[in-house]
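*Asks:* So the chains spell out like this:
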Amino acid sequence: MPLDHPQDLTIKDFKIVGQRPLRPDGIDKVTGRARFGADMNAPGMLVGRVLRSPHAHARIKSIDSAKAEALPGVKAVVTGADFGAVKDGLDDGMLDVLVNCMAQDKALYDGHAVAAVAAISQTVARQALKLIEVDYEVLPHVLDVDAAMQPDAPVLHEEAADESVPAGFSKNVVRRYEFGHGDVAKGFAEADRIVERRFKTEAAHQGYIEPHACLAAMGPDGQAELWVCTQGHYMVRNTCAALLGMDASQLRVTASEIGGGFGGKTTVFIEPLALALSRKAGRPVKMTMSREEVFRATGPTSSSSIDVKIGMTREGRITAASGELRYQGGAFPGSPVEFGAMSAFAAYDVENVKTVGWDVVANRPKQAAYRAPGAPMAAYAVESVIDELCKQFDLDPLSVRLKNAAVEGTTSSFGVTYGKIGLSATLEAARAHPHYSAALGPNQGRGLACGFWFNFGGETCVSLNVNADGTVGLSVGTPDIGGSRASMCQMAAEELGIAYDKVRTVVADTASLGYNDVTDGSRVTFASGLATIQAARDAIRKLCGRAARMWGIDEDAVIWEEGYAKPAGGNAGSFEPLSLAEIAAVSARTGGPIAGHTEVNADGAGQSFATHLVDSEVDPETGKVKILRYTVFQDAGKAIHPSYVEGQFQGGAVQGIGWALNEEYIYGEDGRLQNPGFLDYRVPVASDLPMIDTVIVEVPNPGHPYGVRGVGETSIVPPLAAIANSVSAAAAVRMTHLPMSPPRIRKAIEEAAGR
Amino acid sequence: MSQIHVSTKINGDATEYLCEPEETLLDVLRDRLGMTGSKEGCGTGDCGACSVTLDGRLVCACLVLGAEAQDREVGTVEGIAEGDSLHPLQKKFLEHAALQCGVCTPGFLVAAKSLLERNSDPSEEEVRYWLAGNLCRCTGYDKIVRAVLDTAKEMRSA
Numbered sequence: 001m002p003l004d005h006p007q008d009l010t011i012k013d014f015k016i017v018g019q020r021p022l023r024p025d026g027i028d029k030v031t032g033r034a035r036f037g038a039d040m041n042a043p044g045m046l047v048g049r050v051l052r053s054p055h056a057h058a059r060i061k062s063i064d065s066a067k068a069e070a071l072p073g074v075k076a077v078v079t080g081a082d083f084g085a086v087k088d089g090l091d092d093g094m095l096d097v098l099v100n101c102m103a104q105d106k107a108l109y110d111g112h113a114v115a116a117v118a119a120i121s122q123t124v125a126r127q128a129l130k131l132i133e134v135d136y137e138v139l140p141h142v143l144d145v146d147a148a149m150q151p152d153a154p155v156l157h158e159e160a161a162d163e164s165v166p167a168g169f170s171k172n173v174v175r176r177y178e179f180g181h182g183d184v185a186k187g188f189a190e191a192d193r194i195v196e197r198r199f200k201t202e203a204a205h206q207g208y209i210e211p212h213a214c215l216a217a218m219g220p221d222g223q224a225e226l227w228v229c230t231q232g233h234y235m236v237r238n239t240c241a242a243l244l245g246m247d248a249s250q251l252r253v254t255a256s257e258i259g260g261g262f263g264g265k266t267t268v269f270i271e272p273l274a275l276a277l278s279r280k281a282g283r284p285v286k287m288t289m290s291r292e293e294v295f296r297a298t299g300p301t302s303s304s305s306i307d308v309k310i311g312m313t314r315e316g317r318i319t320a321a322s323g324e325l326r327y328q329g330g331a332f333p334g335s336p337v338e339f340g341a342m343s344a345f346a347a348y349d350v351e352n353v354k355t356v357g358w359d360v361v362a363n364r365p366k367q368a369a370y371r372a373p374g375a376p377m378a379a380y381a382v383e384s385v386i387d388e389l390c391k392q393f394d395l396d397p398l399s400v401r402l403k404n405a406a407v408e409g410t411t412s413s414f415g416v417t418y419g420k421i422g423l424s425a426t427l428e429a430a431r432a433h434p435h436y437s438a439a440l441g442p443n444q445g446r447g448l449a450c451g452f453w454f455n456f457g458g459e460t461c462v463s464l465n466v467n468a469d470g471t472v473g474l475s476v477g478t479p480d481i482g483g484s485r486a487s488m489c490q491m492a493a494e495e496l497g498i499a500y501d502k503v504r505t506v507v508a509d510t511a512s513l514g515y516n517d518v519t520d521g522s523r524v525t526f527a528s529g530l531a532t533i534q535a536a537r538d539a540i541r542k543l544c545g546r547a548a549r550m551w552g553i554d555e556d557a558v559i560w561e562e563g564y565a566k567p568a569g570g571n572a573g574s575f576e577p578l579s580l581a582e583i584a585a586v587s588a589r590t591g592g593p594i595a596g597h598t599e600v601n602a603d604g605a606g607q608s609f610a611t612h613l614v615d616s617e618v619d620p621e622t623g624k625v626k627i628l629r630y631t632v633f634q635d636a637g638k639a640i641h642p643s644y645v646e647g648q649f650q651g652g653a654v655q656g657i658g659w660a661l662n663e664e665y666i667y668g669e670d671g672r673l674q675n676p677g678f679l680d681y682r683v684p685v686a687s688d689l690p691m692i693d694t695v696i697v698e699v700p701n702p703g704h705p706y707g708v709r710g711v712g713e714t715s716i717v718p719p720l721a722a723i724a725n726s727v728s729a730a731a732a733v734r735m736t737h738l739p740m741s742p743p744r745i746r747k748a749i750e751e752a753a754g755r
Numbered sequence: 001m002s003q004i005h006v007s008t009k010i011n012g013d014a015t016e017y018l019c020e021p022e023e024t025l026l027d028v029l030r031d032r033l034g035m036t037g038s039k040e041g042c043g044t045g046d047c048g049a050c051s052v053t054l055d056g057r058l059v060c061a062c063l064v065l066g067a068e069a070q071d072r073e074v075g076t077v078e079g080i081a082e083g084d085s086l087h088p089l090q091k092k093f094l095e096h097a098a099l100q101c102g103v104c105t106p107g108f109l110v111a112a113k114s115l116l117e118r119n120s121d122p123s124e125e126e127v128r129y130w131l132a133g134n135l136c137r138c139t140g141y142d143k144i145v146r147a148v149l150d151t152a153k154e155m156r157s158a
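Going line by line, the protein sequences match chains E and P.
Start counting the first sequence at 1; every next residue gets the next number (our numbering).
Start counting the second sequence at 1; every next residue gets the next number (our numbering).
Isolated chain P (complex conformation) (with noise of 0.2 Å):
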């Protein structure tokens, strides 16, 4: 079967691939562009450690064919710092020690800042259901839910 060209924009930049029409854009961003922060702990949409925006929209990039991209603009957790300036929300990760093992974070970050883009002061409840798509083993969530809160806080305030 042959390939799909693909011309797409990724954190900005206008990126073009070939990819296999069953490729998903998780395995073309890992294994085709080298981008692997985004994670892939399921491939079937369960555990959010691939998690990307597609036109803004939160979604799993194991979820998504790469060919689907086509035109669209894809969000990573390698485009949420700008050049060496951590996002509020990766700085709140640190302080709060939001992470252990790491390999969840990328989702978590992709999926909190597309929670803060729709709604800057969200409740604790708000946030839990908001991230209940993102698994985390390690922490028990209570940190990542503290820190996601408290970016939003300082965002307000900024």
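Here chain E stands alone, though its shape is the one from the complex (with noise of 0.2 Å):
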């Protein structure tokens, strides 16, 4: 049995992958029984909750804390002075986390953590909050990141920025990146004719259903355990294990089932609050966010700030394109400009493209990852202005994309030459299906706009234990997040030839396994499935290793086919096939337990496209939007469980016709955020919407032994791009402000008109 080499797709036809089998965690999700982040306790336990700033901006002078700590039932208090120590040792980013978490000497935006308790209730620790004082200076704030720009906006941070931001610009911008090949004055110049254009994105929130939890337990030997709702509990133990001072051994994180995270949960806030407060009352502490701290104080998206321009031939070629990109992350460096700068382009085959892109801190939360982080806004912008060149020129949209399509061997606007892609196969599917020629109404209008993300493989460790009972323990590390369990299991059964319910697939705590990227980059089905696959061949080995021993043969005289040992060829000698059952079941006496391991650092993710189709109708006196069709056209490469891949596309859409609706950052001139809860910032519900149509395209990732790509995030890029395209038809202007609220929409139609 040799190990293949990732490009030999050697399963062609499938018997488990591709089919659609109920979820393993399933039941305990449908009955109560799964526990999440907040549903866990321990004898003793304290609640912690957090003192926030209530100024977008403002020197901490002093916090006195006596009167909290005498308060009966109070047993801790944390604040920036306790993590003092350990300051010193940490690099920039990790220090960002420290001071993000807990401010030292500026609170830094609303919301922004400034001191912790630990008590005996939520009645006593809400009491002891009121009881410390905290004297505040409050210093001028910027939230804009177009403002945050300007020479004199108030300054976040006197030494955030790094050599990359040439002399003269702001404080507050922090870094600059570049990308692209080619000339583009030529190819402006070659042009028919060019639009260019500025659009603003308002920041959004993942808007995960759970809030952050967990629940610390440290003891005065240093040992620790952390419960938490988290994408990446190996992050979270090394990051708190950083800020604390602790060694990473000492720290066992188990992961929660985990509700919901789009990028939101690949971060720490409360974890290392919850352990300083265990460690000093020695007692564990459960810490659970409300709703509003979710909102103020966890990591939403950039809001953006953005120029296209672009230059096509009557034809409908695109002869040259840039970009200038601006995100303000929050009030830290560190947004996802640089992927927007990247990706802007990277669906197309640009000769000559130019993109610049400008991370900007303001005081507003340091964003979070969300969900393909950068690239929607970018595909926005650039989806618009293609689609007003394609008006301008009466050139069917799709027809145009597909003309400029990046396929096999196109230098991409960031660098790379692709491989094999999807993109134009998305395209076609789009021209071939219904909604692309079903009839519109009065006020309706239909967009289109491609997306494109890059994808993650990233570090992965997984173990696959053979019982004695034929059936397989899979342990894995990366947090299942939408249904993953069920892809790990259909793979290891599929490649050890058994029952799909005869594998358990569970994810271990930081203890049981190496290190496990988050779960992030739609890497979990590529790469904890690639290793999953590669640990049931390392399996497989030895099994046949065994069988050899049984037959009292050669290793090498063992093949492993349709689930069972064979001898290979007639010189092997004549022995009945054994299952892997057999094989198992007097391990014991063979060799002892069977177990196949792998550890890898995997490339090779594929990059993943998307195109999707929308109709919407605009009514023209009130503003409001309605989606009436939706259809996602997505390349998974292999689908392993297509129904959790429609679910990964259906979701992604939705977050989008979110973002690009209703979903905004609201603030008030004094720099707080008005609307830190589900009735004001409204995401998308039930009756808003159409069902979403699916279509899952398979071009083949070579990365991959099955050939699949990562789906989870590519659904979130077109859509803004791809309703502000309809809505713009539908209300026969142009729509450069996302989102397309009821007022934008009424302001754009009545400036249009000149009234």
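Just so you know, the hints here were simulated from the structure itself, not pulled from any lab data.
Quick reminder that beta carbons are idealized off the backbone N, C-alpha and C, glycines included.
There are no misleading hints in this set.
With a straight-line cut-off of 30 Å between C-alpha atoms, the simulated DSS-like cross-links for lysine-lysine are:
1. E:K200 x E:K309
2. E:K747 x E:K391
3. E:K502 x P:K91
4. E:K200 x E:K186
5. P:K153 x E:K626
6. E:K15 x P:K91
7. E:K15 x E:K420
Incomplete in silico selection of chain P near chain E, CB under 10 Å:
8. E22
9. G34
10. D46
11. L86
12. Q90
13. G107
14. E124
15. V127
16. L131
Both chains are given apart, each in its own frame, so use the hints to dock them into the complex.
*Replies:* This is the structure we're talking about:
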């Protein structure tokens, strides 16, 4: 049984992969038994709560917690000073995480944590927060990305910018990125027409329904346990260990079931505070965020300001494209503008292309990843301009995209030369779909847009244990955020030739497996899947070895076929094939337990492309938009569990609908967030929407044994653009500011009419 | 402040507890009775993750005080299956992959069951409006709506 190189697509006729079995964690989730972050308790547990800054920008002159500490039932109070000892040893990125979790000398946004308490009850903890006296010196603040770049803008950090930023910029401009190739001036000269526009998008939140929650317990010996809802418990372990000055081995982190993340749970917020409180109080501490805290003090995505300029021939060929992207990423460096600048034109084969990205800080919460971070807003700007050029030339927007589509061999705008990719296939699928030619009524418009995401592989470690009864236990280190345990069971069962329900997959804690990167970058089905397949092949090699021993022949003389060890040809001898169960049953006598392992830093994730098609209707009187019809066409490489692939397509599209039409962070003049709740930050509800149709396109990824490409993120890249193109057509005016809320649409219609 | 003694019925079982006057039914269920199936997504009645029934009426447990359950009947997600036999809605949610992360699922199941008890043949639009008080951020609602419609169809023909 040779271990295949990933490029060998050895299995063509799948038996279990591609089916839609019930998910193994399903019963727990429909009966209320599944345990999420807030569903765990411990004996002697305290309640932790956080005091947050009411100011967008303020110097913290002093914090007096004496009265709170004296309140009966209060067991510990921590402030920035409690983390003073570790600060010097942290690199810049880790120091930013610390300062974001607990303010040091300045509060940098409304909601920034300034102190935390642990008490015997919620009631006492709330009372204690009121007794903490913080002396603030309120400073001028800045919220808007373009305003923050002005030379006279209030400055958040004196020394956050690096050498990429030219002299003369505000200190809030902290990074500059540039990508591209060719000669854009020459390309624009070759164009028959050039369109240049500025777009703005507002900050949106991932909006996972489960607020952050954790339960920390640290003993006087320094050993600690942490139960937490997170996309990456190894990340939590390493980060918390650094922030608390602990050895990583002393902190065991267990990932709970996770109630949504979408990138927002790829960092820490309350976890280091819970550990610090537990260390100080000597008792377990549970912390849960309120929804208001989630909005004010976790990581929404950036708001953006983008200029895009595209030149096109009258035949629809793009001759040159350039973009300047400005993203504010909240109070610390790290907005996803680099990804925005890389991905903006990544769907197209453009000879002359250039993008510049500016990373800007502002008095808002530190952004966290949100599903294809940085790409949706860039795609919105680019696809809007392409749409406008198509309209000016009266060209079919689908044909124009097909004409310019990136294909195998295209050198992308960010430098990579593509291998096998599926953009054209998604466009062809859209053209063939009845949606593309369906009739439209008055005040209705159709929008089309394409989207790209890089996809990621990353560090991955799995163990596959063959039990003596012929079943298999699979341990993975990537939290299951949308059905991945089902996919892992399918891939293991497929490879081993056993039934789906003979495999049980668990997400192991940090003490049980080597390091695993966070569940992000659409990487789990790709990377943990690849590792699972390789671990199964490792186990198969060992199973063949055991069969050889049982038969008394050479290991090389045993092959594995369709779930059985068989002698390799007549010379190997004549033996009845042995199943996994038969070999496992006697494993104690043939060498002990049988297990397969993989440790890999997976590459070859395979880029992902999608085309979205949407019809909307605009009420010209109220400015309200109704989504009439929506279809997603996306390349999945190979859909392991098609239902959950469709679910990713539909979920991404609907998050995009929310971002395009309703969702935005609204601040007052005082810099305080005015809509930190689901009533005023309105995410799409069932009655807002039609069914979301999906078409799974499968262009196998050569980098995965079964051809898998990640599917989780690409689905949110085209919607902003597709919906904007649809609404712009329906309202007969180009919409350049998201979300396209009723007041913005009314204003645009009135301005276009010259009223 | 002294605690309030409450006698109530939860999923058919007589239950007693003490609670603070300001404590919500959701906190009582989760923190005092260990029934963590009902989730707190917002605490303000906007997300529906804590949907329960109170004397058969669909409510958000975060908007009901624990003390209000006195002499009433509370229904939670833990009471939907009968023993090891799943309710048709629970089966259809699994078959249709109507959940991804699953944190909103208990609320959707309680709300959908409440709908089907009132209307055995809801239209897609009726399902969407009935469930408009339950937020799901993962699925885009498509598979949830299909699961509910399919359950209604199956229950009608049963």
